[in-house]
Structures are given as C-alpha cells and as structure tokens.
Amino acid sequence: MRNFLADQVVELKPSGIRKFFDIVSEMKDAISLGVGEPDFDTPWHIRDEGIYSLEKGRTFYTSNSGLKELRQEICAYMKRKYNVAYDAMSQVLITVGGSEAIDMGLRAMINPGVGEEVLIPQPSYVSYEPCAILAGAKPVIINLKAENEFRLTAKELEAAITDKTKILVLPYPNNPTGAIMEKSDLEAIAEVIIKHDIFVMSDEIYAELSYKEKHVSIASLPGMQERTLVINGFSKAYAMTGWRLGYACGPADIIKQMTKIHQFAIMCAPTTSQYAAVEALKKGDADIEEMRTAYNQRRRYLMNAFKEMGLECFEPYGAFYVFPCIKEFGMTSEEFATRFLQEEKVAVVPGTAFGDCGEGFLRISYAYSLENLKVAIGRLQRFVEKLRSEKA
Amino acid sequence: MREELLAIIEKNSRIDLKELAVILGVEEIDVVNELQALEEEGVICGYHTLINWEKTSLDKVTALIEVRVTPQRGQGFDNVAERIYKYPEVRSVYLISGGFDLLVTLEGKTLREVSTFVSDKLAPLEPVLSTATHFILKKYKDHGTIFSQKSEDEREMITP
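Chains as they are written, first to last, in numbering that gives the first Met the number 0: chain A, 0 to 391; chain B, 0 to 159.
So that you can see chain A by itself, here it is in the shape it has in the complex (with noise of 0.2 angstroms):
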C-alpha cells in the first residue's frame, strides 16, 4: 500500500519530551505542578449565561466571525483595558480558542513554500512553530536569554531579521517564563519592528494576568496597530479553557482573510461559549480580581520559597509560572523533571519543552492551591537538598 501520510506532518517535531509526559500520565499518586490552565472553575453567573442559552434553544450556529454583541463587547473591552480601538464588524473574529487565531493568522498572512519567514522567541508556547510550518513559513528561532529576565531585545530583534521576514511571534505575558514586555520594552523593539516594515503577531492570552504594571499591548505603540494582530481569550482570563474561545483583533484585510479560512475550517466559534462571554466581559472584571490576587500570592510564596532553598529564579510578573534555573545541579532538565517525579513524585515541565533555550530550566505552574503548592514546595526543597548532598 502506498504511504498516505503527509511528508510534512510526519517530519513536524512531536514533542521531545513525550516519554516524560508518559510517565506522568501513568503515575496516579504523583502531585502535578505542570498543568497550564487555571484550577479555578468559570465563575459561576458566566457559566449560568451558558446554561441560560441553552434553556432559550440558542444551539443554532453563529455568524462565521462570531456573535455581534460578543465582537462589540470585545471592542469594548480592548479599548477600556488597552486604549486600542477595533471595529466590530471588520475587525475582530471570534475564534476556538486562541489557538486557533494564531494557526488562522500565519495561515492568511504566509505564501507557503518560498522561504518566508517567521520569528519566534522561545522559550514559549509549543504552537507557534508546527503552526508557521504548516502554514508553509520558515520559523527562525531567537533564543531568550535569563539575563534580559527572558525578554526579547531590540538588539536580539534586529540581529534575526532578514530581507525574508514577515512576522514576529511576540508571546507576553510568557508561557512558560512568566516574563512580561513592559512599555518601555516594546517601544524599543517596535522601532525595529516598523524600521523593517515587518508585522508582529502578539499572543496576549495572558494579559490579565500581569503583577507589576497593567499589561501594555503593543497594538497601542504609535504605528503599530496597523501592523499588529492581537491574539486574546477566555481560558486563563476568566479561567474558561475548556470553552475553547479565543479572537483575534486586527487590521481589517487580514481578517477578512482569516475569516474565510475560518468559515471552511470551523464555520463558527462554538454558540454556548459565545453567549457565556458576553457576560464574562460584561460583569467578570471582579472576577479577574480575584484570581489575579490568589495567583499573585502563589507567586509570591513560590518566590520566597525559591529564596529560601537557594534555588536560582528571577522574579516573573506574568502568566502563573515561575521558570527557576537547576543549572547547578549539572543535569539536563529532563533528567531533573523524571528524578524529580520518580522519587518525590511531583511533576514539574522541562523548560526544553518549549524551546531548546529553555535547557537548564524547569516550568513550574502556580495554578494550584497554596496548600498544594506547600506540599510540593516541601519535596522540591528536600529533593534539591538530595542531589546538593550527593554532589558534596
């Protein structure tokens, strides 16, 4: 029989730390700090919302784009929390999550096959890159580094663009680092950015989870708007993953394009979410509030606790994750993460799951009760003292 399988799908780079995921997956008694989605449930009156409409028989689909109330409500909403201002019926789609946007956005904006590129600084979220291959891009990699606290530099920018580059990937707040791009750090690379007529695609899905400023977007820099796309969503805002909505805001020719792919892909965002999100917009601001304090005084007992056993990590102010360095321990991380588990039975994520910079460090998510926190804190601790021991 011939081969049916696609070249390019089968040669995509399956996660190179599945055996560890397997592990994790077998082991039932083992504490989990690797989880990337909230442990908070959806607030309740957003959850009755969508219960609500399904009582009134809304299960027909929506508009491909989305529902107009929820578009109008997320203009409402970048413009009350980020001062960018979108036009409902152009530019904003509604899509299954933000994933979706960032596959639909190098989709409509990559002329597959002839060598276009796309950067992506890593470590970060494991999409960016299958996704700029399927879309037929070139993905060229910057490497963060722990010094500029995992932010991306202009001098890092301007070093890894060519005449062949299209799009950045700009992920912040950044899973798995927890790093933010304050206002000065995007002011400084979207010079670069508008110098070489390039376009960023910024994947703000995190964005309400910022603990030093008020999360800037670089769609609200002089010049930029026309050049960015804005990815957002529900899922760690209003701790809504499984509702799988997300959107993507931005100029009007490119969503267009966006929204015809998404109309033979998907047709539409799934209905019951989208009623249930009107009303996180509309009335979830205290809920926001509330998860970011809680998440917030994790961080904070994660990073004193760091402190006190020595470990080596700075200080994150966005997402829920904390990125500490084990370099000291002279292991890779995954060696670290499966000792780790084996024999304290607590899993943390390699940080070379998310790029090969991320060697040396582990991601470590603080979407978990203080309580749980402590008791994995506690093996962490004795664990750390076990291989200094075996080192002395």
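Pairs of lysine-lysine, DSS-like flavour, derived with a Cα cap of 27 angstroms:
id, chain 1, residue 1, chain 2, residue 2
1, A, Lys282, B, Lys140
2, A, Lys373, B, Lys10
3, A, Lys211, B, Lys10
4, A, Lys282, B, Lys10
5, B, Lys17, A, Lys306
6, B, Lys17, A, Lys211
7, B, Lys17, A, Lys385
Distance ranges between label pairs, derived from CB positions:
id, chain 1, residue 1, chain 2, residue 2, range
8, B, Glu155, A, Asn110, 32 to 40 angstroms
9, A, Phe59, B, Ser147, 30 to 38 angstroms
10, B, Glu153, A, Asn82, 34 to 42 angstroms
Bear in mind the hints are in silico, worked out from the structure with no lab data behind them. As the structure is a prediction and not an experimental result, all values here were calculated from the model. From the three backbone atoms N, C-alpha and C, an ideal C-beta is built for every residue, glycine too.
Assemble chain B onto chain A, guided by the hints.
Leaving out everything else, chain B in the frame of chain A:
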C-alpha cells in the same frame, strides 16, 4: 494591604504570620502591626471556626426568626435588639429592611428548646408585635463555603 489581608484571614484565620507576610509581599512585623490595629479598631471581631455540625454526633437545631417590633421613641430598634442579643442562645441579630424588622438566628439542642425560647422569652417582650420561626433543615453553604463540595483536580494532562 488591609483589604487583601482581611480577605485572606476571613477564609483562613489559621494561616501563620510568616506565610501571610510572604504572600502579601510585606514584612512579618507589618502584618503583626496591621492585625493589632484591626483588632483594636474592632474591624476584626474574632477568629472563628466554620463547623458542619451535621457531621458530628451532637444534636443542634438552628432557627431563623422574623420579628416585627414597635420601635421605641428615642431608641429606635436598638433597645429591643439588645434585649434579644443578650441571650447567649441567640447567635445573630440583624436589623433588616422589608416586611419585618429583626432577623434573629437562634441555636438550641432541640425543637422544643427553640420554640420554648420563642414563646417564653422572645414573644412576650413588650415591643415585639409578632414572630415567625423557620427551622433550618439543611445547610448547603455557610460563610461562603459549600458543605458538600468535592475538591478533586479534574484537569487532564495535556501537552503544554
């Protein structure tokens, strides 16, 4: 930090001072001073424990009593409220808006004990016009805590 501190200890008054300081991002001495100030100002009125008595072998009956009263000249409702809240079996007394005036929570060992209190103590008070007693059959949620909640992590492992 005041409101955030209060929000934390309202849910968990047993949290230790060091941990409280860490998660609030302040020094331990600041927490100590703030707690003392809050106690002195009467913002913090006590550190209680939320107990689901239904799960113990102790029998308890709780009743909510609506009380209509005649306010007294120069005293309003305060005088009669005081007469009521001084009984130790009275757990709470609220002045409320709506169809009646005082909402009294009462705890006793048996139905009889509670109804005796109402008929012998509460109803005969001169300003009391009428009472309506509601016995609590089951507590689903108290002080923001759901009593029958399971707390298992149902999140599935997903490639990050």
